[in-house]
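In the order they appear, the protein sequences are chains A, B, C and D.
Its first residue numbered 1, the first sequence is counted upward by one per residue in the working numbering.
Its first residue numbered 349, the second sequence is counted upward by one per residue in the working numbering.
Its first residue numbered 697, the third sequence is counted upward by one per residue in the working numbering.
Its first residue numbered 1045, the fourth sequence is counted upward by one per residue in the working numbering.
Incorrect hints may appear among the rest.
[Claimed, not checked] Below, in silico cross-link-like pairs of lysine-lysine (DSS-like), each with a Cα-Cα straight-line distance of 25 Å or less: (1) D:Lys1066 to D:Lys1111; (2) A:Lys143 to A:Lys77; (3) C:Lys1011 to D:Lys1359; (4) A:Lys70 to C:Lys1014; (5) A:Lys260 to D:Lys1064; (6) C:Lys956 to A:Lys6; (7) B:Lys550 to B:Lys499; (8) D:Lys1121 to A:Lys320; (9) B:Lys354 to D:Lys1246; (10) C:Lys716 to C:Lys773; (11) A:Lys67 to A:Lys18; (12) B:Lys608 to C:Lys719; (13) A:Lys67 to A:Lys20; (14) C:Lys847 to C:Lys766; (15) A:Lys315 to A:Lys70; (16) D:Lys1050 to C:Lys1014; (17) B:Lys354 to A:Lys18; (18) A:Lys67 to C:Lys898; (19) C:Lys898 to A:Lys6; (20) A:Lys22 to A:Lys6; (21) D:Lys1121 to D:Lys1111; (22) B:Lys425 to B:Lys415; (23) C:Lys898 to B:Lys608; (24) C:Lys1011 to C:Lys847; (25) B:Lys354 to D:Lys1121; (26) B:Lys666 to C:Lys898; (27) B:Lys663 to B:Lys673; (28) C:Lys956 to B:Lys663; (29) B:Lys425 to D:Lys1114; (30) D:Lys1304 to A:Lys318; (31) D:Lys1359 to A:Lys260; (32) B:Lys608 to D:Lys1121; (33) C:Lys1014 to A:Lys260; (34) D:Lys1246 to D:Lys1114; (35) A:Lys315 to D:Lys1304; (36) A:Lys77 to C:Lys847; (37) C:Lys702 to C:Lys719; (38) A:Lys318 to B:Lys425.
No lab work stands behind these hints: they were computed from the structure.
There are 4 protein chains.
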Amino acid sequence: MLVVMKLDAPRADVERVKEKIKKLGYTPHEIPGQERLAIGITGNREKLEPELFLNFPGVLDAIPVTKPFKLVSRDFKPDNSVITVNGEPVGDRELTIIAGPCSVEGRQQIMDIAFTLKEIGVKFLRGGAYKPRTSPYSFQGYKTEALVYLKEVRDVTGLRIVTEVKDTETLPMVAECADVLQVGARNMQNYSLLEAVGAQRKPVLLKRGMAATIEEWLMAAEYILNGGNYNVILCERGIRTFEPSTRNTLDLNAVPIIKKLSHLPIIVDPSHGIGVWDGVVAMSLAAIAAGADGLIIEVHQDPAMALSDGYQSLKPSKFKLLLDKLEQLAPIMNRTFTRNTVNAEIVQ
Amino acid sequence: MLVVMKLDAPRADVERVKEKIKKLGYTPHEIPGQERLAIGITGNREKLEPELFLNFPGVLDAIPVTKPFKLVSRDFKPDNSVITVNGEPVGDRELTIIAGPCSVEGRQQIMDIAFTLKEIGVKFLRGGAYKPRTSPYSFQGYKTEALVYLKEVRDVTGLRIVTEVKDTETLPMVAECADVLQVGARNMQNYSLLEAVGAQRKPVLLKRGMAATIEEWLMAAEYILNGGNYNVILCERGIRTFEPSTRNTLDLNAVPIIKKLSHLPIIVDPSHGIGVWDGVVAMSLAAIAAGADGLIIEVHQDPAMALSDGYQSLKPSKFKLLLDKLEQLAPIMNRTFTRNTVNAEIVQ
Amino acid sequence: MLVVMKLDAPRADVERVKEKIKKLGYTPHEIPGQERLAIGITGNREKLEPELFLNFPGVLDAIPVTKPFKLVSRDFKPDNSVITVNGEPVGDRELTIIAGPCSVEGRQQIMDIAFTLKEIGVKFLRGGAYKPRTSPYSFQGYKTEALVYLKEVRDVTGLRIVTEVKDTETLPMVAECADVLQVGARNMQNYSLLEAVGAQRKPVLLKRGMAATIEEWLMAAEYILNGGNYNVILCERGIRTFEPSTRNTLDLNAVPIIKKLSHLPIIVDPSHGIGVWDGVVAMSLAAIAAGADGLIIEVHQDPAMALSDGYQSLKPSKFKLLLDKLEQLAPIMNRTFTRNTVNAEIVQ
Amino acid sequence: MLVVMKLDAPRADVERVKEKIKKLGYTPHEIPGQERLAIGITGNREKLEPELFLNFPGVLDAIPVTKPFKLVSRDFKPDNSVITVNGEPVGDRELTIIAGPCSVEGRQQIMDIAFTLKEIGVKFLRGGAYKPRTSPYSFQGYKTEALVYLKEVRDVTGLRIVTEVKDTETLPMVAECADVLQVGARNMQNYSLLEAVGAQRKPVLLKRGMAATIEEWLMAAEYILNGGNYNVILCERGIRTFEPSTRNTLDLNAVPIIKKLSHLPIIVDPSHGIGVWDGVVAMSLAAIAAGADGLIIEVHQDPAMALSDGYQSLKPSKFKLLLDKLEQLAPIMNRTFTRNTVNAEIVQ
């Protein structure tokens, strides 16, 4: 922390700031300049908040130097974290591909798409039982009924289930049938929920909030790690900007930035990130080329008839072509991409 | 809803869209043009989602015409809603001023500031027991201990208590000592919480999310009204933009826009809206001049020593000068501003 | 400037940074910490660019401390600047009201509205001869023809003319008939134009760019002052955000922030700032209550028939009511508002 | 265009709107609904502006249906445009790589880096002679002196020169030594400059404005094509968002969107797009994987000593590794990438 003061600040004001620093247990370092007087602070182990000093007379600014996050930081743990989900690593060299419909729309629908995706080579199935929606009048998911189907699909196909948990009440139920608990963008700063998923051990897929800075996103992950759950996968899904022609602005800059700042795996959601199906393949390849550890993609048998997000969903045939491309791209990125080869019939 | 199709779309594609519309129970109206073919839809009582049509072959765009909100809409209820909080109206001609510290920092602190504010003329006290914070290592509020103090302050001073509820678990406890339940910006789209505050009858102060459009904010209010609780007060508190010199960008445009679209009262939080104490008076006056029904302002006895948000807090002396100005401004805006005159001792 | 280095940076790396600082003619101050090593720099009279140091091995960050602007800064000139336009002060206690149509649409139109506005009490007339438009197919203004009308209107009514200059080529012609040269939002960082208006002495109304930070806006003004022209009036006109329900987000926070940072006058354009006529009165009052020195407002005799910006233009009758309100508001803000009382006939 | 009116609008108001439509030469189509009355307009060949109708009594909204751009539209020209620069195609299967320093810093510097880059295989050299800078006190480029060096470099190396033109005055001089005229982000809506580069025939590299929507960007290109110059290359270079950890937010969504809407080539500037050198390789690969036709990258022999943008510049050695990766990536994207093999000595 550097406290910047007026050059002509009375001596008493300068001393008052230095005393506050000492009271906090830190050491002040006075640095006189030609336009400003600065006071450097040392001895603090975590980021200080500027507001501790901004209200003192004579103080013009207080500039943090240390980053606020700890457990998620690459300084703290230099090696990549690899999260294992039912024997399948996430964050390793192997690319993680999660696919499936926005919502579970019925037993038959989720079973059909699960088998189709497995045949194409997918190991992780996404599908929402609870759907947070902007309007109270929109379809909110089939809830507990959908959870039953997801569990059955898991038993039958062996696919790992990724599904959203939207509150602490339903967390135990969702955790029962999920292999990865998704925390949605709107809940990224729902700290009660973060604490709850931090208090259990299922892996968590933490989506970036629509207007969350990368630092805030990492701090949200810090809540989960601080609770004792180190199995966090970050997911970039687009941020809100002024651009109206896409649903969100997919911030792929976040991929190399996160890789620099943190040891956690990061995957990308191109479906929400661009919001229109005919842009999904391009943004999927871009995400992997940017260094992402994987993708989460909406795939639906009949997008035009989907109950939600149909417009951004790929058909299985198109999705298969994407996987073929990913197979070619993986080695260039020093990655592997191994398709699911377990025979569906055998699992049954 | 207007579905826009290619002019040269095959007849079969056009018919497929028209059948989908009929299956939904609505009526299609074909409107041929020189560049595009449009199909108008009538018969729907609520906003249709574009994605219902965007995936059909030949469809270029789907443009909603009807607004998605109902119960919060001024179309639905042309007169201003007036929410009564312990006999004090919000949303009427009388300006509502809520003041107090960011957090309850102790029994003495909250009692002192409460009496001071009451003497200055305030009727509503704010003070956080639960503080959602970006960092898990920051001060999170004194929680249940703070609730006890707030209750005591209410009993002793007669002030109406406005305090944040951050999850459904603590809602019953918070509701016991709050006259107005504040839903914070980060929880604006925490739908489980919205449903919970909608299922009870205490008035709710619904802050706008950092990246929420006005439409999404009204839809969040719609969740509460849809639950049966019509006592919702909206609160503009600044949105997130590229401008780094202020904590948020206070969007006062929202005041006349909300007044046009909705019957709900709207107040403004200039403390978070500009984020620096020496801008709070200017933005308070601006908010009232824009037509807001009131203000919620952070006031602290010793801002430099506050545990949170000290930098944006006014001292009581400065705050008193603001109220004096508001007294002058109110009649120009066809408003009244009546200070609390109940003798504190008598209440005891 | 504070250069932040790794705590374990080799001594040679630290010395290399210190030598660079010395070569630039400044003094390095080493400040060891527990997590980071910082090097303070003193002796610089202007803001250093972080990139000077960011590429050195071991450097993690470089944090500027000094503000980059000089001539526009209140540090440089503590008193408010008052710009005199034809005997009328801008930036003084007196509120400055500029009104008129978006574009000059013809001799009769501009003459009519000028007399109407003068009768209502206005002293400054706005009206565009050159209209930068997003589409090359939109109406671009009547250009030289419009300049002739503006000159005539000035001669006949005595109103001060505020009109946009869009390039250096047409600057001499525009300057001949303008009392204030407006530099539009899209040209805020057209540095050739800024240098050209800085090289002459007519007052300049500098609109904030759509995505310009307050610092960049002040730096654009710095270009003009640096050219020798100190007659700069800043104009907040809304910034671009994610909010789709208004044309721009009027950033009234900018008013108190500019007043703190700079001695230059600041006026507000509520017409572009909210973009819809029925919000203009509210935002006009809000701007003055926030401390603005004046307003620039679009007024048109028949908004529905205007060639541009009709939707955000007030009719004269509505505008007159706004002035009546401003008369009431001015004294509360320690301002005066004196209407133009010169008899139009006499001027002729 | 769809004009939306109140369902209970008086007949006279509806007729007034229909007459306005007819006067404009178009045909109104009344579409009654249950909540709103809509009037579809046909017969217009270009986008109508909503403001034409928004001020009529009873009108609630006016929704454009047709896109506003023409000449740049893929509807207008379905095949990709290929711009030929000195025999080298841009927008074809071959990837276009432009590299070089931010600024020309001297004869030796630009000559050295040119030869180095050519040896690595580059065919296009970037280098700024005129540098628009936020501060009037920052280095503004070596201007005419730099132009002389660029011309010499072109003669000696045969490299194609890409350099910025910042105003109409210097356009002829810059055009003499440039093979591609770059219009910078700050000048994207400097319409006088767009008209000037549209009136000549050198290819133009049009950077996206910091806060420009994709539609506005295409409209800026439309200005150039409308002037008769069809040789326009679009360049995505990041947009301004709330995210502070990167200089800009590189909007790679723009690549597939532009490819859908327009026939013009699009290249990406990852150096400005992420703003930090160690993110440039990742974002370069991502851009090509997203479908971009090429890249413009800042490369400097000694980034720490660069006069501008050193922090985001690659060293030649790192840049060479990127090209090696691009060679692997190109065939996967159905692209070719052929390095410059012309012997430098022979060209001399």
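Hints versus structure:
no. : hint                   : in the structure
1   : D:Lys1066 to D:Lys1111 : holds (21 Å)
2   : A:Lys143 to A:Lys77    : violated (38 Å)
3   : C:Lys1011 to D:Lys1359 : violated (61 Å)
4   : A:Lys70 to C:Lys1014   : violated (58 Å)
5   : A:Lys260 to D:Lys1064  : violated (59 Å)
6   : C:Lys956 to A:Lys6     : holds (15 Å)
7   : B:Lys550 to B:Lys499   : holds (15 Å)
8   : D:Lys1121 to A:Lys320  : violated (31 Å)
9   : B:Lys354 to D:Lys1246  : violated (35 Å)
10  : C:Lys716 to C:Lys773   : violated (33 Å)
11  : A:Lys67 to A:Lys18     : holds (22 Å)
12  : B:Lys608 to C:Lys719   : violated (62 Å)
13  : A:Lys67 to A:Lys20     : holds (21 Å)
14  : C:Lys847 to C:Lys766   : violated (36 Å)
15  : A:Lys315 to A:Lys70    : violated (41 Å)
16  : D:Lys1050 to C:Lys1014 : holds (23 Å)
17  : B:Lys354 to A:Lys18    : violated (70 Å)
18  : A:Lys67 to C:Lys898    : violated (48 Å)
19  : C:Lys898 to A:Lys6     : violated (35 Å)
20  : A:Lys22 to A:Lys6      : holds (20 Å)
21  : D:Lys1121 to D:Lys1111 : holds (15 Å)
22  : B:Lys425 to B:Lys415   : holds (15 Å)
23  : C:Lys898 to B:Lys608   : violated (41 Å)
24  : C:Lys1011 to C:Lys847  : holds (24 Å)
25  : B:Lys354 to D:Lys1121  : holds (16 Å)
26  : B:Lys666 to C:Lys898   : violated (40 Å)
27  : B:Lys663 to B:Lys673   : holds (16 Å)
28  : C:Lys956 to B:Lys663   : holds (19 Å)
29  : B:Lys425 to D:Lys1114  : violated (44 Å)
30  : D:Lys1304 to A:Lys318  : holds (17 Å)
31  : D:Lys1359 to A:Lys260  : holds (19 Å)
32  : B:Lys608 to D:Lys1121  : violated (44 Å)
33  : C:Lys1014 to A:Lys260  : violated (57 Å)
34  : D:Lys1246 to D:Lys1114 : holds (21 Å)
35  : A:Lys315 to D:Lys1304  : holds (19 Å)
36  : A:Lys77 to C:Lys847    : violated (71 Å)
37  : C:Lys702 to C:Lys719   : holds (22 Å)
38  : A:Lys318 to B:Lys425   : violated (48 Å)
Taken one by one, the earlier hints fail for this structure at numbers 2, 3, 4, 5, 8, 9, 10, 12, 14, 15, 17, 18, 19, 23, 26, 29, 32, 33, 36, 38, listed in ascending order.
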